Amino acid sequence: MKKIIKLLHPSYLDEFKCIGGECEDNCCVGWDVDIDKITFKQYSEIDDNEIKVVIKDNVFENRNCTNENADYGKVKLNKEKRCPFLNDKNYCNIQCKLGENYLSKVCTSFPRIINKIDDQYEMSLDVACPEAARLILSKEEGLELAESEKIFNKYIINDEIETNLDEESWLNYFKEIRGFSIKIIKDRNFTLSERLYILGDFIENLEYVDYETDDVNEFIKEYDVALARNSYKKDNLNYIFQVSFLNNMIKSLDIVNEIDSETFKRYTRQVLNGINAKDNYDIEKNADKYIYEFEYYIEKYLNENDYIFENYLVNFMYNNLFPFSEGEYMFDAYIILLIRYSLMRFYLIGIYLDNQTDSRENIIKFIQVFAKAIEHDKNYLGEILDYIKENKFDNMEFAGMLL
Numbered sequence: 000m001k002k003i004i005k006l007l008h009p010s011y012l013d014e015f016k017c018i019g020g021e022c023e024d025n026c027c028v029g030w031d032v033d034i035d036k037i038t039f040k041q042y043s044e045i046d047d048n049e050i051k052v053v054i055k056d057n058v059f060e061n062r063n064c065t066n067e068n069a070d071y072g073k074v075k076l077n078k079e080k081r082c083p084f085l086n087d088k089n090y091c092n093i094q095c096k097l098g099e100n101y102l103s104k105v106c107t108s109f110p111r112i113i114n115k116i117d118d119q120y121e122m123s124l125d126v127a128c129p130e131a132a133r134l135i136l137s138k139e140e141g142l143e144l145a146e147s148e149k150i151f152n153k154y155i156i157n158d159e160i161e162t163n164l165d166e167e168s169w170l171n172y173f174k175e176i177r178g179f180s181i182k183i184i185k186d187r188n189f190t191l192s193e194r195l196y197i198l199g200d201f202i203e204n205l206e207y208v209d210y211e212t213d214d215v216n217e218f219i220k221e222y223d224v225a226l227a228r229n230s231y232k233k234d235n236l237n238y239i240f241q242v243s244f245l246n247n248m249i250k251s252l253d254i255v256n257e258i259d260s261e262t263f264k265r266y267t268r269q270v271l272n273g274i275n276a277k278d279n280y281d282i283e284k285n286a287d288k289y290i291y292e293f294e295y296y297i298e299k300y301l302n303e304n305d306y307i308f309e310n311y312l313v314n315f316m317y318n319n320l321f322p323f324s325e326g327e328y329m330f331d332a333y334i335i336l337l338i339r340y341s342l343m344r345f346y347l348i349g350i351y352l353d354n355q356t357d358s359r360e361n362i363i364k365f366i367q368v369f370a371k372a373i374e375h376d377k378n379y380l381g382e383i384l385d386y387i388k389e390n391k392f393d394n395m396e397f398a399g400m401l402l
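If you're matching positions, the sequence shown starts at 0 in numbering that gives the first Met the number 0 and goes up one per residue.
It should be emphasised that the hints constitute simulated quantities derived from the structure, not laboratory data.
Predicted, not measured: the structure shown is a model, and the values here were computed from it.
Quick reminder that beta carbons are idealized off the backbone N, C-alpha and C, glycines included.
With a cut-off of at most 20 Å between alpha-carbon atoms, the simulated PhoX-like pairs for lysine-lysine come out as follows:
#1 LYS40 with LYS73
#2 LYS182 with LYS138
#3 LYS233 with LYS288
#4 LYS299 with LYS288
#5 LYS2 with LYS115
#6 LYS5 with LYS115
#7 LYS51 with LYS96
#8 LYS51 with LYS40
#9 LYS174 with LYS185
#10 LYS75 with LYS51
#11 LYS115 with LYS174
#12 LYS73 with LYS36
#13 LYS250 with LYS277
#14 LYS75 with LYS40
#15 LYS138 with LYS16
#16 LYS16 with LYS364
#17 LYS78 with LYS88
#18 LYS55 with LYS75
#19 LYS220 with LYS182
#20 LYS149 with LYS1
#21 LYS364 with LYS264
#22 LYS149 with LYS115
#23 LYS264 with LYS277
Just the calculated beta-carbon pair ranges, DEER-fashion:
#24 LYS78 with LYS115: 34 to 40 Å
#25 SER147 with ASN279: 50 to 56 Å
#26 ASN235 with GLN41: 58 to 64 Å
Given these sequences and hints, build the entire structure.
Given below as structure tokens:
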């Protein structure tokens, strides 16, 4: 049954159009394909003989179902990790033969992400989709919100937050906290590193506020952004720490062997080759080189394209309900956001060291591949957060060293 929904969304949403078989990183390749219960039942009534055979051999009930509206059933991928319904032109045979109404909710929705805040629906796009990444990350003017009405047949609500709880909770202040956090990241009076440091300072100090007795809105209103900026001290020696920490992280997570994405594996090999550090002795020996190369790349490529990362961060914070998306505390979500940014920057510098070239298009392509390979595998980010907390790195001193 079709439903008209009033949405709050980034203004880019109306510009998006799936390019289907022309997509260079098809969402039907490399990912599990989930089937909701309604669609699963629909498949038992299909008359098309060719489709029926594929369903019989490859669609099964999910014994580990967590939500009947999302993963009641699963599709078995072939040896190339392609969905069996994908034809040789990279179009879905179900959609081609039967129409969009026979697609599962997951397949209909992606790369759209729908959240619900009280009675307000929000929609945005996932940069794991190449076309969405190009659209979102290329906007030099930044991202702004708009309202419109959309007609939906099948859709999934990714997450819900209720801000009018009877009991006092940080969730009661979700809109104000996320809104101010995004405002910090969009403030181009500061460098991106400064903005990320200010965001961490804001979240860290916010968690010291007692929401049961103190005025949270007053704290947000009176928060001194300039004072937080003055606490940030840029130190080029931190680049050496980043090489050591992130290089060891890549190796300890065994990304070259464990990640499914062949493209991301290639990127990882380029990084390890570009950094060319077997141990901390190599890193210390080449410290001057790393500092020079980091400064050069950041000045030539990152500072010139910092709007790309601003858009990535703002879009992520919006569609992941920052800072209530990951970890036990709000500061956990900040640390993981910072790790994402620092790891992407480290990869881009390592790739540059390997091939001595880069471009805006390459940066956007890398972020899309990173999002699909790493962000959609919560195990990696969870392991990183666990390691950081176990070693008591979840503080602003550590954050400053990653910037």
